[in-house]
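Colleague: In terms of my numbering, the sequence shown opens at residue 9 and continues consecutively.
Misleading hints may appear alongside valid ones.
Label pairs and their computed distance ranges (CB to CB) [what the hints assert, rightly or not]:
#1 E195 - G64: 45 to 53 Å
#2 A63 - G22: 47 to 55 Å
#3 R36 - T235: 30 to 38 Å
#4 G282 - P37: 17 to 25 Å
#5 E250 - S30: 14 to 22 Å
#6 T58 - D190: 31 to 39 Å
Honestly, the hints are just simulated from the structure, not real lab data.
The C-beta atom is built at its ideal place from N, Cα and C for all residues, glycine as well.
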Amino acid sequence: MHAALAVHPASGDGAAGRLLESVAARLRPVVDRLDVLVAHTVEESRALMTDSRAAGLDVLVVLGGDGAAHQGVQFCAESGVALGLVPAGTGNDFARALGIPEQPHAAADFVARRIAEGKRRRVDLGQAEGEWFATVLCSGFDALVTERANRLTWPRGPRRYDVAILAELAAFRPRPVVLRTDVETLELDATMIAVGNTPYYGGGMPICPGADPEDGLFDVTVVGNATRRDLLRMLPGVRSGEHIAHPAVRTLKASQIHLAGSDLPVYADGEPLGRLPIDVTCVPGALTVVG
Numbered sequence: 009m010h011a012a013l014a015v016h017p018a019s020g021d022g023a024a025g026r027l028l029e030s031v032a033a034r035l036r037p038v039v040d041r042l043d044v045l046v047a048h049t050v051e052e053s054r055a056l057m058t059d060s061r062a063a064g065l066d067v068l069v070v071l072g073g074d075g076a077a078h079q080g081v082q083f084c085a086e087s088g089v090a091l092g093l094v095p096a097g098t099g100n101d102f103a104r105a106l107g108i109p110e111q112p113h114a115a116a117d118f119v120a121r122r123i124a125e126g127k128r129r130r131v132d133l134g135q136a137e138g139e140w141f142a143t144v145l146c147s148g149f150d151a152l153v154t155e156r157a158n159r160l161t162w163p164r165g166p167r168r169y170d171v172a173i174l175a176e177l178a179a180f181r182p183r184p185v186v187l188r189t190d191v192e193t194l195e196l197d198a199t200m201i202a203v204g205n206t207p208y209y210g211g212g213m214p215i216c217p218g219a220d221p222e223d224g225l226f227d228v229t230v231v232g233n234a235t236r237r238d239l240l241r242m243l244p245g246v247r248s249g250e251h252i253a254h255p256a257v258r259t260l261k262a263s264q265i266h267l268a269g270s271d272l273p274v275y276a277d278g279e280p281l282g283r284l285p286i287d288v289t290c291v292p293g294a295l296t297v298v299g
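Between the sequences and the hints, there should be enough to build the whole structure, so can you do that?
Modeller: Structural data, given as structure tokens:
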């Protein structure tokens with residue numbers, strides 16, 4: 009068994025770097041070879057992963073946050089290399105969706121046991137603009153919030169999103185959007201649209217609470233023409249999934265989606281994917297994960 013541990017030392021305000029040796033020590037006894045790949049940039053990370061794959065890589069374990077997990081997804085999708093996650097970032101939403109323990113040492117032990125037992129499962133991925141995503145693609149108010157949160161240096165952790173939400177509320181207004189799926193077409197003034205392969209984004213908010221990464225379909229949450237007052241009433245319920253009961257919210261399932269109608273930013277897995285229009289496809293079983 010040939011495994012690699014990809015580490016982004018800056019993840020979680022440096023937590024990933026501090027955890028490197030203890031996580032590696034938990035993995036070494038269950039593999040024949042462990043490559044430790046320490047990367048500070050996306051380009052460096054991809055180059056190191058490619059070198060390991062050339063040597064016959066079986067499992068890639070990513071130690072870091074959702075940004076690091078996103079890069080691991082790009083590498084492992086449709087490759088036969090299984091992906092394991094040890095969360096050590098701000099949001100850790102993909103690890104949460106896979107049922108991986110939130111505490112890093114517990115997660116490392118979990119991944120090590122699954123490697124030793126040969127436990128694997130295949131999960132769906134989304135694809136848009138040539139990029140894979142594992143969690144949620146969003147456009148509208150939530151994408152603007154993500155954009156702002158990524159610029160903030162305070163507060164730390166998921167509370168950055170709460171601050172960004174309040175800042176964006178002051179300026180946002182619904183925009184005309186066309187949402188065309190393989191089942192139906194909607195034309196509406198929308199506040200935001202979230203396309204979920206898994207339920208969570210923004211550090212544990214179940215924006216698409218019914219999303220299942222093994223059903224071959226996205227769960228789509230559409231917030232229509234909501235006022236600021238509507239949003240203020242709705243937002244506390246996002247942490248528990250109760251927002252889907254609000255009259256301005258509509259949910260649907262689809263495997264292919266086209267979004268257009270306004271020049272709004274698009275984010276997936278918290279990473280920028282440009283602006284509308286965009287085509288999004290669910291690819292069943294595209295990723296093998298440890299667990």
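Colleague: Run every hint past the structure and note whether it holds.
Modeller: Results of checking the hints against the structure:
1. Range check, E195 to G64: about 51 Å between beta-carbon atoms, so the 45 to 53 Å window is met.
2. In this structure, A63 and G22 break the distance hint of 47 to 55 Å, their C-beta atoms being roughly 29 Å apart.
3. A beta carbon spacing of about 56 Å between R36 and T235 contradicts the range 30 to 38 Å that was offered as a hint.
4. A C-beta distance of roughly 44 Å is found between G282 and P37, which places it outside the suggested range of 17 to 25 Å.
5. At roughly 38 Å, the beta-carbon separation of E250 and S30 lies outside the given 14 to 22 Å, and the hint is violated.
6. The hint said 31 to 39 Å for the Cβ distance between T58 and D190, and at roughly 34 Å that hint holds.
When the structure is compared with the earlier hints, violations turn up for hints 2, 3, 4, 5 and for no others.
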